[in-house]
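Read in order, the letters of the sequence shown correspond to residues 1 to 850 in full-length UniProt numbering.
Just so you know, the hints here were simulated from the structure itself, not pulled from any lab data. There may be inaccurate statements among the hints.
The calculated DSS-like cross-link candidates involving lysine-lysine, where the alpha carbons are at most 25 Å apart (straight line), are [said to hold, decoys possible]:
| hint | residue 1 | residue 2 |
| --- | --- | --- |
| 1 | Lys-263 | Lys-178 |
| 2 | Lys-32 | Lys-172 |
| 3 | Lys-789 | Lys-549 |
| 4 | Lys-789 | Lys-472 |
| 5 | Lys-162 | Lys-172 |
| 6 | Lys-288 | Lys-557 |
| 7 | Lys-32 | Lys-288 |
| 8 | Lys-789 | Lys-557 |
| 9 | Lys-288 | Lys-263 |
| 10 | Lys-494 | Lys-549 |
| 11 | Lys-172 | Lys-187 |
| 12 | Lys-494 | Lys-472 |
| 13 | Lys-288 | Lys-187 |
| 14 | Lys-162 | Lys-187 |
| 15 | Lys-735 | Lys-628 |
| 16 | Lys-472 | Lys-557 |
Here the structure is a predicted model, which is why all the values come from computation and not from measurement.
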Amino acid sequence: MADTASSTSSVDVLLLGSGWTATFLIPLLEHKRLSYAYTSRSPPDEKHPDHHHRIQFELTDPVTKQSLRQLPRAFTVVIIFPIKNTQQVDDLVREYQQLHGRTRWIQLGSTGIWGPGRSTSSSPFDTSNARAAAEQRLLDTPSTNAAVLNLAGLYGDQRQPKNFASRVGASKQLLSLKGSVHFVHGKDVARAIVLLHESRSAGWGRRWIVSDTRVYDWWQLFRFLRPALPDHPHDSPETAQRWVSELLDENHISTLPRPIAEKADQTLPRYLERALEGHEFWNLFNEKPVVPSVYRGGEHGVKPAALQSTTAVNAHPRDEKKPLDGHRNDKLVGSSTQSFVVRAFDPSIPQDRIDDLIQRIEADTQRQLPSKAHFEGDHERLGLTHQRFCDLRDAWIPFLRSRAADSPSEELDDSIRIRHSSTHRPGPDHDTWAAEQARISSFSHHKVLIEDVDLHFIHERANPPAAGFGIKVIPLLLLHGWPGSFHEFLDVIKPLAHPGNLTPIHFDVVVPSHPGYLFSSAAAGLARDSRSGRLVGTHSGPDGDLLVKDVARIMHKLMTTLGYHNYAIQAGDWGSAVLRSMANQFPHNVRAVHLNFCPSQGPNLVLPVLGRELTPHWVLRLPHLVSKQRYSKKALGVFDSWSHGERSQSLCGMGAVVGYAAEVAAEAAWRTASLLSLGSIPAPLSADDRESLHRGIEFTATGSAYAAMHGTRPSTLGLVLSRSPLSTLAWVGEKMYAWTDADPDFSTILANLTLYETTDTIAGSFYPYRNRHPRGPSEVASDPSSFVKQPAGYSSFPMEIIQAPESFVRASVNLRWYRRHERGGHFAALEEPAVFVQDLVDCFGEIWPF
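Model the full assembly from the supplied sequences, consistent with the hints where possible.
Here is the structure:
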């Protein structure tokens, strides 16, 4: 329990230190009507009389509880002065929180901790820097909510860039050594602090670069500022301009600003050595710096010319929409110095891509297909039938060429509405690529470079909860599989985020495209191994290849970059493997999960009294010694030869009756044992569970060859499909028919095919299979070391390709919620959007721990 502080007052914000930052922060706090107090080491005097907000205070070493008693309780504590001692950080947080209870901490730091190259807020920094080490200690302190704002060059009021320039360029020799520089105005420092203070979760738990988002060239800025030079009191402006001109000539540089170095051999003075990415923090809050440029915000004593296009490097508007090709520059994606920024993304497919696809379909169509096989071509169990292939082929070009509805509002409304799987959307107003493109574009798309993957995602934030309704807002990551994509979630995103005030659970929905899928790049951090000559990656697989655990790490970084440090995940298919890895790697961030796909080898045997945690793993897995084939039969098939086999006619024709009776008795005894053990012994499966398990066994035997092909020869298959859109249609179309309960509309299948074809990523979508665990997904899910300990929910859809009975799922995850449905298949969100949404609301309403 916290001690009672001698000071009983409390404030919204406590500033430890004041000085220059307080010049801008205090007026903003007063404008926002936030209560505050600030500390100063100096005692009151005539020039600085005592003030009811002011507290005389100096941080002691060591920090003692007595020295902190005069400080009020605060909702947010802002540490303005630098701390360079990690022990001081530990003592300060511990002693203050023992006095006043838990609070939130903001430490102001410097961007000097990052060296040459391009750096983002999450880039490695100089760990030998005492100040940076103390900042990191604050972030790593358990049970503490903290953030570090690493500020670029501060200016405003009496601190002006023109004064800095006089020092850094006091001589031509000093100026020749200068490259890039970054700035932030005091007004924006104050805004950043208040944005964090007002944020419930976004921005906390990490450090942020805070700048005006621009990278300046000191030479260009020096020429503009024309500062006073101590050795040239009478001709400073002319001398400043002359020095810059001479440096440009001497180094054969024709224009300013100089380019940012992208390679190790690109050095000063011809290249700028450092670039800090400053967009991340502002984008997190959908804000921009109020002082966007030092050219405009400084009091320089000169009249700014038309500098909008030349003031900084990479000064593109944040919301600028670029062509698709501009977003998929894989040459840049692999660079370790590529800029990291959450940026708006336009998902529109250029018309020339659509026209090219039409031409390729027409060329494919002109080639005569092989004659239809008399038997195989008519049987779905042997693949896509000729008739279905021809129907899709003939519908694809009309789908691409048709126009959307005249009323854009109709299209937008349709994107919000939940569509039942059996409801067909007929006519040219809906079943067209133009309509699908409008629907896709109605969502908020973004891209962000995480490690070496330029990751695409949709982000739909819930509206602020209305007062009095008790609404929870849960951050939710939706993960697709193959041959799906973000497209399969379009019917559920807005109903999840905006269900109305009568629904108690709303979601901040994040839907990424997996690496290599559609608008996301493949992992591109490749380098040539000097010993073997092979290209190797930077991840944890063979030759640095990307594994599931690497994708999981990237997805976790996406969520924390968006400010979600406690979040839920929903997944099926490949996404369920990523979900499991995220839950195990980041147990303090992944707080609850929901699955609709969970292959598992069998139930667990839990020892009574000991419980799951203490039961040895080999005991837990004893039921796995029984094959799935036996679990799919009544009484494990022990009496199968009597009830259905060769002995059914023995005993004067009574063999079958004896067999049935033995099965009933055995199952009754088994069920009784399960009840007496309080569930420690798994119960026998129901008839429905045995039937669904049998379908999964049949699928593994007759329908899973595609996965073996993806995993062993993805390059060969990718080459085949990349050369022919109709080949892709056959390969993907078959799965979308075979893995669904009710047949999807043509437009649903063709939209998915069009996205893969126009982004040229069908080959890349195979690559996750190449590093599948050799034991297979069900063995991994059944391994006790992979058990998902977070609260979990499961929705059982009858036509899922590999269905798992409830007891099998319970052996794989901490199952707290389960629901069985009468219809639906592998693409649950696409087939049954209304059911899917209701399941997630009900499930997370029960299992979300906060």
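Take the C-alpha atoms of Lys-288 and Lys-263, compute the straight-line distance between them, and say whether it is at most 25 Å. violated, 30 Å
Are the Cα atoms of Lys-162 and Lys-172 separated by 25 Å or less? holds, 16 Å
Tell me if the straight-line CA distance from Lys-263 to Lys-178 falls inside 25 Å. Measuring from Cα to Cα gives roughly 19 Å; hence the hint holds.
Could you grab the alpha-carbon distance between Lys-472 and Lys-557 and see if it respects the 25 Å cut-off? At roughly 23 Å apart (the allowed maximum being 25 Å), Lys-557 and Lys-472 satisfy the hint.
What's the verdict on Lys-32 and Lys-288, does the C-alpha distance respect the 25 Å limit or exceed it? holds, 19 Å
For a C-alpha distance cap of 25 Å, please report whether Lys-789 and Lys-557 respect it. holds, 21 Å
If you draw a straight line from the CA of Lys-789 to the CA of Lys-549, is it 25 Å or shorter? holds, 17 Å
Starting from Lys-494, check that the Cα of Lys-549 is at most 25 Å away, please. The given pair, whose Cα atoms are some 29 Å apart, is violated under the 25 Å limit.
Can you confirm whether the C-alpha distance between Lys-288 and Lys-187 stays at or below 25 Å? Roughly 12 Å between the alpha carbons, so the hint for Lys-288 and Lys-187 holds.
If you draw a straight line from the CA of Lys-288 to the CA of Lys-557, is it 25 Å or shorter? holds, 23 Å
Are the Cα positions of Lys-162 and Lys-187 separated by 25 Å at most? holds, 18 Å
Holds or violated: Lys-494 to Lys-472, with C-alpha atoms at most 25 Å apart: Holds, because 16 Å separates the two Cα atoms, which is no more than 25 Å.
The structure fails hints 2, 9, 10, 11 (numbered hints given earlier, in ascending order).
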